Amino acid sequence: MSDPMQEIMASFFIECEELHESLVDALQLLADGESDIETINVAFRAVHSIKGGAGAFGLDALVDFAHQFETVMDACRSGTLSIDTPLNELFLRCSDMLSDLIRCSRDGEDVDAATSTGLIAELSGYVPSEDEGEVEEIEFQPMVLDLGELGPGSDALPMDLPPLDLPSLDDSDETEAPELGPSDKARLAVEFRAEGELYESGNEPLFLIKALADLGRCETKLTLDPPKSIDDLNTLGSRLSWNIVVETDMPPTAVHEIFEFAEGLCKLNVVAIPGSAAALTKDVSTEVPVEAAESSAPAPAEAQSSNTPDAPAAAPAPASKPEEPAPIPKPAAAKAPEKAATTPPKTSPTVRVDLERIERLVNLVGELVINQAMLSQSIAEENIPPNSPVSAGLDEFMQLTRNIQESVMMIRAQPVKSLFQRMSRIVRESSAAVDKTVKLVTDGENTEIDKTAIERLADPLTHMIRNAVDHGLEDAETRIAQGKSKQGEIKLRAAHKSGRVLIEVSDDGAGINREKVKSKAMEKGLIPDEAILSDSEIDQLLFLPGFSTATEVSNLSGRGVGMDVVKTQITSLGGRVTIESTPGAGTTFAISLPLTLAVLDGMVITVAQETLVIPLNAIVETLSLSVDDLKPVAGGQSVLCVREQFVPVLDLGVELGYREEAPMQDGTIALLISPEEGVLVALLVDTIEDQRQVVIKGMQESYGRVPGVAAATILGDGQIALILDPNDLVQNATGDDLVITQKKAS
Amino acid sequence: MTKQVALETKLDSAAVDKLRTILLAEQGDDITLDGSGVQQIGGMCLELLMSVRHLWGAAGHDVTIENPSEQMLDDLGRFGLTAEDFQGRPA
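Chains C and L supply the protein sequences, listed in that same order. Position 279 of the first sequence, counted from 1, bears residue number 279 in my numbering, the numbering being contiguous throughout. Position 8 of the second sequence, counted from 1, bears residue number 1008 in my numbering, the numbering being contiguous throughout.
Accuracy of the hints is not assured; some may be wrong.
In silico contact screen, one side only, chain C against chain L (beta carbon under 7 Å); selected entries [to be verified]: (1) GLU204; (2) PRO205; (3) LEU206; (4) LYS210; (5) LYS221; (6) LEU224; (7) LEU233; (8) SER626; (9) LEU630.
I should point out that these hints are in silico values taken from the structure, not numbers from a laboratory. For clarity, every value in this text was computed on a predicted model and none was experimentally measured. Yeah, the Cβ is synthetic: ideal placement off N, Cα and C, and Gly gets one too.
Just chain C, same shape as in the assembly (with noise of 0.2 Å):
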């Protein structure tokens, strides 16, 4: 069995990601000066979700570091400190920060100290933490508050202290304000009685009383239910309960994300101490008791927006006549605030599946697949008309498979938003090693695509971004000089296209300097002295192992490690990597992925008695050839002339290998295909077989990285066929030339 603690835990950190996510969101907006006033209050609950989180788990670099960043945005929010350009620098800064310590605190990492303090010291330029100002007044000091008793055990023992006369919170009916006076705090009086499961699932209340200890000065009184004999020792966990008064400025829904993870663990009563200033000014519709074990009832989305912190104060209500009870978001709910603040609530239940469940999914889909190649192709043996019932079961069960495979490929997609905003941290970073002004432009984050694929894009793209803010990207003085921008731009872009995934990165900078490149890899012996190279070729060098043209080592690149290893990343992960380049106006470089990793669309062919399968979304055209359709050209090369349109042609049979060159039967086959933006090849086949979904199954684990071939499957007759990549064949089979060639012609 899994440590309940540690599965807690765990989906703690996935909440944080989440909303650090939206913390991330926020002050992008507040940067591109596109925020509202619910921005702020965003960003704010976003840091102290994540802070309430921590303090439960007993996480005190993490607690320690968003209480200094939340109280800066407490102030921005109450409109006591105004965002300018460098506090907003720092809260991503302090963005950044979080998430390293959210991922230390989950790893066990050590935790970069220095950066932590300085970024706090930063902080606290602004609002001065109130550790360094009221140390006297926050300093903990228990009191005793005699709020009545908890439940039935009416023989419950308050330690020996002087009580304070609190009402009792049992019974929202008699809440009264208790005897003190109205105070500039608010009051919260908080009653929380711990549960056997509390402890069972791994909370501690110390660590809860601490992180309310985090929203202001607390006055305690514990309370013993007292055991009746010897037995009942051997059922601890539920006989302490503590009554609680926090002086604090914050909301009552700042208890609950505390208790979040303890909510249906214990009992908790959060109430605004009516009189107070909490009581007075906001959250009026949380002023009477809550419960958070004993609520049952499912919290409407508008009731849980009625709930958000930062709602606009309703007209006050008399203290003594308290509203109606307002429920309680329960956990998986929680967060609906967060996203509430920009948009309507709008939140679909969501559960959290183990990866290796989905893959066993895929995996079994991907059987069905085959399995009902099979059936189709018995079925076709039989010769059953296609008007019968079994043809009509087949192409309904087809039909069927589609969809499932189609839903199974959904749920692992996600969009690379959170990829992207880990760029926008790197563009930040490095733009700063370097010190060059630079504006991360993104586009398309809501792009799907394979979970996998998004873990293993994090390290190129780093590359790739690194690349263009230390070498594409000229300093400011050049900039202007060429009369751009002082601030460069880096521009990262996610589509779908044509059933893959397209994601670019580009920069507006100085291209690629040619002339640079190409000596630097005569020099480095990568290729010869004589060598004439095309554009396209001398751009692939920078693939090449070891290739730099940096003269200097900086923090960022010039090492020559980079681009080779971002071409073997994606490659590894089914893709392709080009690189467009305009002297003086920038560089792109674009990844192709394909969409899943599983299954695809395929067309069966067959080339010299060899069975084959192309994907479908590369093919753009099929043509049956008479020998007059291929014109000679120089070199003993042929080309094909498609609507008065000049084609290279690629003889599939002989680049793969299966047979020697040999004259053009009329009736050949040619599936016109398209390796880039209005160029087209005709790739030359014997026979179209069929048209079919075929599932992927990897090779190179066993075989490594064959060009031309991505992968291959098995067909309903259980052969086995290669699934080409038709791209890299014409790259690798023939060489650029033939494309790029063809492609200035046209």
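Dock chain L against chain C, hints included.
Chain L in isolation, oriented as in the chain C frame:
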């Protein structure tokens, strides 16, 4: 006769079984618990100590804590207690 028991460094939920065994072994005696080495006391062990103190007290025996560490005092303080709450016999 007063028995001396040195409390463990970390009195979290995982330590409660061992502490219960130790305390039950001293049933019928006054117990003085040495808290000088305690670095953390959690809710479960606190509940055990307070329960034992209550049960032993009802039977005419004292359960007290001596030399509580700074950290233990801090934790007790956060729970709403002081060192004095573990002195003498509970009311």
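Structure-based check of each hint:
1. GLU204: holds (5 Å)
2. PRO205: holds (4 Å)
3. LEU206: holds (5 Å)
4. LYS210: holds (6 Å)
5. LYS221: Hint on LYS221/C: holds, closest Cβ of chain L at ~5 Å, below 7 Å.
6. LEU224: Holds, about 5 Å.
7. LEU233: holds (6 Å)
8. SER626: Nearest chain L Cβ about 82 Å off; hint violated.
9. LEU630: Constraint on LEU630/C not satisfied, violated at 79 Å.
In this structure, the hints that do not hold are numbers 8 and 9, in rising order.
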